[in-house]
Amino acid sequence: MKTLTISAIIALTSFYGGFLFAAEQANATPVEISIIAGIKSPLPDKISINDIKEIYLGNKKLKDKVKLVPLNHKDKIIFDAFITKYLSMTTTAYKNYWVKKVFSGEGSAPKLMEKTEDVITFISQNEGAIGYIRSSDMKEKIESIKTISIEK
Amino acid sequence: MIKRFLAALLALVVIGSISIIGAVEWRWNGYFGVNYEDSTKAGKYGSYDAYVLSLIPNISVDDALSIAAQIDYEHAPFIDTSGNDDGTKSLDSRTSGEISLSNVYASYVFSDYLKINAGKFFAPVGLYNQILYAVPSYPTLSIPRASVYNRSDSFQKDALFFQRYVTGLWLAGNASLAAANVSYDLYTGNGRSFEFHVDDNDSKLLGARIKLEKNIGGASIRPIISYYNDEYNNGTPDAVSFKKQTSLIPGLEVETGDLTLRGEYATSSIKNDDGSKYKDFAAYYAGGYYTLMDSITPYVRYELLDPSFDAGNDLENETTIGIAYHLTPWVSLLKLQVRLHNYEDSSKTGYTIFGAGLAVGF
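Protein sequences, first through last, are from chains P and E.
Oh and the first sequence: position 145 is 145 in our numbering, straight run, nothing missing.
Oh and the second sequence: position 156 is 156 in our numbering, straight run, nothing missing.
Hint data in this document are derived by calculation from the structure and do not stem from the laboratory.
This structure is a prediction, so every number in the text was calculated from the model and none was measured.
Every residue, glycine too, gets a C-beta built ideally from N, C-alpha and C.
Since no wrong hints were added, every one of them can be taken at face value.
Straight-line C-alpha distance at most 25 angstroms; calculated DMTMM-like pairs for lysine to aspartate or glutamate: (1) Lys-65/P x Asp-112/E; (2) Lys-95/P x Asp-72/E; (3) Lys-85/P x Asp-294/E; (4) Lys-101/P x Asp-294/E; (5) Lys-111/P x Asp-62/E; (6) Lys-115/P x Asp-294/E; (7) Lys-214/E x Asp-51/P; (8) Lys-100/P x Asp-112/E; (9) Lys-67/P x Glu-25/E; (10) Lys-101/P x Asp-258/E; (11) Lys-74/P x Glu-25/E.
Where chain P lies over chain E, by a calculated footprint (3+ residues, C-beta under 8 angstroms): (12) 26 to 37; (13) 45 to 59; (14) 66 to 72; (15) 107 to 120; (16) 130 to 137; (17) 170 to 182.
For reference, chain P alone in the conformation it holds in the complex:
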């Protein structure tokens, strides 16, 4: 009886969650993202999408002996758009990946920046930093920042 009751709770909760999920997907809107680094960054102006993924998964830590510092954006829409497009992961999968990595003592998750201005300021001041912002926020050219494009 206990087994049936608990199994029923699990099944009903899953069904309800699936219904809410479908509703959220219907309302999702795409966001254009620009990847940015400092003008003195050791990263080239064009890198592969795999390199972006390896940097944000903590597997690629160094470039020309400079420690790379990936930044995540606290804005959920920008964060979700970046993770989905460039890492080909869901945000849950990305979060679980870093939870496992941090709790196995193998690293620290990328720094989380509150706002786009914080991302730009940090990148301007840190040679190894790399981050992303909404493309529409790059209204004017910033001397200390460069945009990194993806190799096809």
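Could you slot chain E onto chain P? The hints should help.
For chain E alone, kept in the frame of chain P given last:
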């Protein structure tokens, strides 16, 4: 003149020391888990368990050198001493729980291809050994302990297929190749012994693990294989009986969208000192986990253990069905699950364990 020179020298040493101390970056992470389990086993009753509190300091001395540690407090340890009639002290009978320094090692990063660690660490085996107690990192109450990560019939009370902790040297690295992303671990250390930090035989343990990652059609395909070789004394410190154990643990993880499929198969061969067979055994598990709305993860997992190929009628299996609710914005899970454990031997009675738990990461 000499006084001024010595003063300047002293100032340099102090400033240098402050610089060294100032450059060190401390970072603390950790997690906590509390469970309630009730079993249909005869004589077992429902009980709460302050399962684990783990504190994980990571000290970055500079960009290349760091110290990693993990202190685990399992089942809310209580340690006290009591006085004996003869004036000596001994461990109080109320003493319970465990405190262990599971990880403590220095790590030096030469490049992405090579990092050298030295100290004590969770053996880099399979998908789960390094996150043994990291309850916020999986939706189940525990890792697959009925099969590949089994402890029940073990030597020196360690894991069945390998040694959970290693004191020794560990090389690790990763590379992006055209075919796939590759990461490797290669380690050596003390074999299993009656004392943890002392090796009681000439052989050391040797282990390796290779993980690949390849994106195919939007799915991340991650095959993994672990190798473990160890020699240990299966007798007593006074009556030695050396055994050689070799284990191979291939596995696969497939992630597509919010669906994760994961499984591992462990096979092990234990030989006597003269090379003759002592025991061969195997186990496997397979599980599926699907996250809905970033907040609910229902799952199912099946495990099987064959404790000895030569013995018949000794298979055990366990099916776990459960659900985890992600408490955002925290790294936290509420878990509910049912475990059904069965025996091939009809003289043994299977049992069911109902469990609920809270896991909080910080």
